[in-house]
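Read top to bottom, the protein sequences are chains A and B.
Heads up, the first sequence is in our numbering, so the first residue is 1 and it goes up one at a time.
Heads up, the second sequence is in our numbering, so the first residue is 191 and it goes up one at a time.
Mixed in with the good hints, there may be bad ones.
According to the in silico footprint, chain A covers these stretches of chain B (three or more CB under 8 Å from chain A) [unchecked claim]: (1) 191 to 205; (2) 262 to 268; (3) 318 to 330.
Derived SDA-like pairs (lysine to any residue); straight-line CA-CA distance at most 25 Å [said to hold, decoys possible]: (4) Lys2/A <-> Ala71/A; (5) Lys2/A <-> Cys293/B; (6) Lys211/B <-> Glu41/A; (7) Lys263/B <-> Glu5/A; (8) Lys81/A <-> Glu380/B; (9) Lys83/A <-> Ser214/B; (10) Lys40/A <-> Glu227/B; (11) Lys336/B <-> Cys293/B; (12) Lys211/B <-> Asp372/B; (13) Lys271/B <-> Ser23/A; (14) Lys21/A <-> Ile177/A; (15) Lys336/B <-> Asp372/B; (16) Lys271/B <-> Gly292/B; (17) Lys9/A <-> Glu300/B; (18) Lys263/B <-> Glu41/A.
Since the hints were made in silico from the structure, they are not lab data.
The structure displayed is predicted, hence computed values, not measured ones.
Cβ atoms here follow ideal geometry from the backbone N, Cα and C, with glycine treated the same way.
There are 2 protein chains.
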Amino acid sequence: MKLLEDRIKSEGRILPGNVLKVSSFLNHQLDPTLIMELGKEFARLFEKEAPNKILTIETSGIPIAFATGAALKIPVIFAKKHKTSNIFGDAYNSVVHSYTHGCDYTVIVEREFLNQGDRVLLIDDFLANGKALDGLLEIVEQAGAKAVGAGIAIEKGFQEGGARLRSNGLKVESLAIIDHMDENSITFLE
Amino acid sequence: MKLLEDRIKSEGRILPGNVLKVSSFLNHQLDPTLIMELGKEFARLFEKEAPNKILTIETSGIPIAFATGAALKIPVIFAKKHKTSNIFGDAYNSVVHSYTHGCDYTVIVEREFLNQGDRVLLIDDFLANGKALDGLLEIVEQAGAKAVGAGIAIEKGFQEGGARLRSNGLKVESLAIIDHMDENSITFLE
């Protein structure tokens, strides 16, 4: 999506460790007009899959998931992060490893919000190793629901998550796929 | 705002300690159609104050702030919560006490996103003691910016935050003000 790629090129900053900082428009500071367009694009890309719920993970997935939910007029659930791995008796839960932060955390979704028969569209801001999506997929499975696809704003195409999830049969649509980035330049897959 | 009050009456649950749980539409699970309407209402209420930025606090303030930013077509900044009180040299920061969680946390906003001359509209989901708004006001002051008002989805009118902030001269607009609640009923101020 050219709109997003252009914005990444003009405002993105690449930090050591292949961290792409887009905090001027996608997290910390949000550009609602841009993000509403991303939401409309995800709605277009996944309309045929007929999702009835969107699932994302706090914090930075929320605005994009919300915009997609506004476009599709369906509820948005955000999985909550916990640092402890207490037993959450009344909640679906899974453990996610964060490479960015070098730690594990538990994500939970209360049982009342996901059920058998739900057709769930996963939305997140970044896809790299795919560990966050793995965690959300596990929660969808615990609920007996079906994941109908995953919409990602920015995929790091040089990391393995996207290829692995697609080869497992998940429909993954990323609005910008980074082919290569270093401190001087960033290139996208066509 | 009748739309919100009706939803609170039908889906809100009151837990011990005067905690109002609205996680089926305002946090955890979000109703984007409802929340977009709340955003439009805040845009209408604060249009005259000509805000150029919105400031909220993660996590549950984000959707409402985002919807307001989408209606006003201005950027939305969310202050990030940290459990440590490290020195954040490059960020505005303040310490907030959470009565709900019984702990202090630090909220930060990177300096590049708030500047002198900014007219900042604060948005949050709940107002009770007003400690979160106090923290955001302190950050606005550190930036040399001006807080032009605060838009709140649900105010607990029986707690002191709203009265205190209004008497300090802040324009506070709450879409639903709870007069009284217990396990059996909830009433709103007209």
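Structure-based check of each hint:
Remark: the segment 191 to 205 of chain B is not confirmed as covered by chain A, as 0 of its residues place a Cβ nearer than 8 Å to a Cβ of that chain, below the required three. Given a C-beta distance limit of less than 8 Å, the hint that chain A covers the segment 262 to 268 of chain B holds, as 6 residues qualify and 3 suffice. Beta-carbon proximity to chain A at under 8 Å applies to 0 residues in the segment 318 to 330 of chain B; the threshold of 3 is not reached and the given coverage is violated. Of the pairs offered as hints, the one joining Lys2/A and Ala71/A holds, with about 20 Å between alpha carbons and a cut-off of 25 Å not exceeded.
Our distance criterion of 25 Å between C-alpha atoms is broken by Lys2/A and Cys293/B, whose separation comes to about 44 Å. Taken as a hint, the Lys211/B and Glu41/A pair is broken in the structure, with Cα atoms around 32 Å apart against an allowance of 25 Å. This hinted pair checks out: Lys263/B and Glu5/A have alpha carbons roughly 21 Å apart, not beyond 25 Å. Only pairs whose Cα atoms come within 25 Å are accepted, and Lys81/A paired with Glu380/B is rejected, the gap being roughly 37 Å.
The straight-line distance between the Cα atoms of Lys83/A and Ser214/B is roughly 23 Å, inside the 25 Å bound, and the hint therefore holds. Among the hinted pairs, Lys40/A with Glu227/B is consistent with the structure: their alpha-carbon atoms are about 18 Å apart, no more than 25 Å. For a cut-off of 25 Å, the pair hint linking Lys336/B to Cys293/B is broken: about 28 Å separates their Cα positions. Simply put, Lys211/B and Asp372/B have alpha-carbon atoms about 12 Å apart, close enough for the 25 Å limit, and the pair holds.
Using a Cα cut-off of 25 Å, the hinted pair Lys271/B and Ser23/A holds, with the two alpha carbons roughly 15 Å apart. A hinted pair counts as satisfied when its Cα atoms are at most 25 Å apart, and Lys21/A with Ile177/A qualifies at roughly 15 Å. With a C-alpha separation of about 37 Å, the suggested pair Lys336/B and Asp372/B falls outside the 25 Å cut-off, and the hint is violated. Only pairs whose Cα atoms come within 25 Å are accepted, and Lys271/B paired with Gly292/B is accepted, the gap being roughly 15 Å.
The hinted pair formed by Lys9/A and Glu300/B meets the criterion: a straight-line CA distance of about 21 Å does not exceed 25 Å. Between Lys263/B and Glu41/A the CA atoms are separated by roughly 19 Å; this keeps the pair inside 25 Å, and the hint holds.
Going through the hint list in order, the structure does not satisfy hints 1, 3, 5, 6, 8, 11, 15.
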